[in-house]
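Visitor: To convert, note that position 116 of the sequence shown is 116 in the UniProt record's numbering; the numbers rise steadily by one, no gaps.
Hints may contain errors.
Restricting the straight-line Cα-Cα distance to at most 20 Å, the calculated cross-link-like pairs of lysine to any residue (SDA-like) are [stated by the list, open to error]:
| hint | residue 1 | residue 2 |
| --- | --- | --- |
| 1 | K238 | S259 |
| 2 | K211 | G255 |
| 3 | K211 | G271 |
| 4 | K241 | I294 |
| 5 | K211 | A101 |
| 6 | K269 | G20 |
To be clear, the hints were calculated from the coordinates, so they are not data collected in a lab.
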Amino acid sequence: MTDQLPTPRGRLTAGKELSGLTWLRVGGPAEWLFQPADAEDLADFLAALDPAMPVFPMGVGSNLIVRDGGMRGVVVKLGRPFMDITVDGDLVTAGAAALDARVARAAADAGIDLTFLRTIPGSLGGALRMNAGCYGSYVADHFVSAEVILRDGTATTLTRDDIQFAYRQTDIPEGATILSVTLRGGSGDSAALHARMEEQLAKRDATQPTKALTAGSTFRNPAGFSSTGRADDTHDLKAWKVIDEAGMRGATRGGAQMSEMHSNFLVNKGGATAADLEGLGEEVRKRVFQTQGIELVWEIMRVGEPVDK
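Use the sequences and the hints to build the structure in full.
Guide: Structure follows, in C-alpha cells:
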C-alpha cells in the first residue's frame, strides 16, 4: 500500500520520528509524515490516497502521547501556510496551525476578547477539536465556522449546526483535517485585554510546571455537566484534588512523574518513554478508582502502537 502513495507537492517523509514533535518528547516514528504545501495539495493527496490507509491529523503535539511503537499510516502536520490570522469586525479567522496564544494576542490587538485562549497550549485546530477552554470560556462559546478537508479529500465548511460540542470533545469526523477556524469575540480595550492575559500567564506560571516537559492537564475534571455538555468549572471536584487524595502527587514510573507542583500534570523528568507516561497515568486512574470510586478520564490523547515485547 505504501508503494502506491500519491505524489504531493508538499513534503512526504517515511519513518519520521515523532518524539521531537510532541511536547512530552516521546513516541516512535510515523510510517509517513505529510506536510502539505496548501489546502489544495492536502485535498488532492487525500482524494488519491487508498481509503484503507489510516490518516491522523496532528497539531503541535501539546496534548498528545505517541506510543513508542509509532503510528501506522499517514500523519498530517500543517505548517506555515496554515498559520495566517485575519480580523473582520468581531470575527477572527485563523489557520489551524496558528498557536492559541498568538490568536489571543492578535485578537486583543484588534480589541477583541479571546483572552481565554492565551494560556491554552497548542494550536487552534486542536483547541476546536477538543473544545478547549479555561476561565469559564470554551471554544464552543465563540465558534462560528471551520474550514475542513474530510478523509476522502472533500473540502467543506462546518458551522455550529454541524458540530456537537461537549466537555473537552467534539464530534468532528474522524480523519478530517481542520484548515482554519473562525471565532467571534466580545469587544474590549486592547491594553486592558493584554494586561488581563499577562495576569493569567503569571497565575499559570505560579501554579503549573510550565518549564517542564508536559502535555497540559492529564485528566478531565470529574465535574458535573449541564444539559448542553458544559462542565461546571466551579465544582469542588477537581482532578488534581482526587489525585492528591489518592496519594499520587509526585508518583513516578521510570522517567515519568505526576508533578509535585500540580498533580494533574504528567512530567517527563528525563528519559521517560511513552509507556512510562501512559503507565503512570493508568496507575493514577486505578488508585483514584480504588480509593474514591471515581473514574478519571484522560484529557491527553494517546495514539499509536506500543513496542512489541
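Visitor: With the threshold set at 20 Å, check whether the alpha-carbon distance from K211 to G255 stays at or below it.
Guide: holds (16 Å)
Visitor: Hint check: K211 vs G271, CA-CA at most 20 Å. Holds or violated?
Guide: Cα-Cα ~16 Å, so holds.
Visitor: With the threshold set at 20 Å, check whether the alpha-carbon distance from K238 to S259 stays at or below it.
Guide: holds (15 Å)
Visitor: Is the hinted pair K269 and G20 satisfied, with a Cα-Cα distance of at most 20 Å?
Guide: holds (16 Å)
Visitor: Are the Cα positions of K211 and A101 separated by 20 Å at most?
Guide: This hinted pair holds, its Cα atoms lying about 16 Å apart.
Visitor: Mind checking the alpha carbons of K241 and I294 for me, to see if they're no more than 20 Å apart?
Guide: With Cα atoms ~12 Å apart, K241 and I294 stay inside 20 Å; holds.
Hint violations for this structure: none, all hints satisfied.
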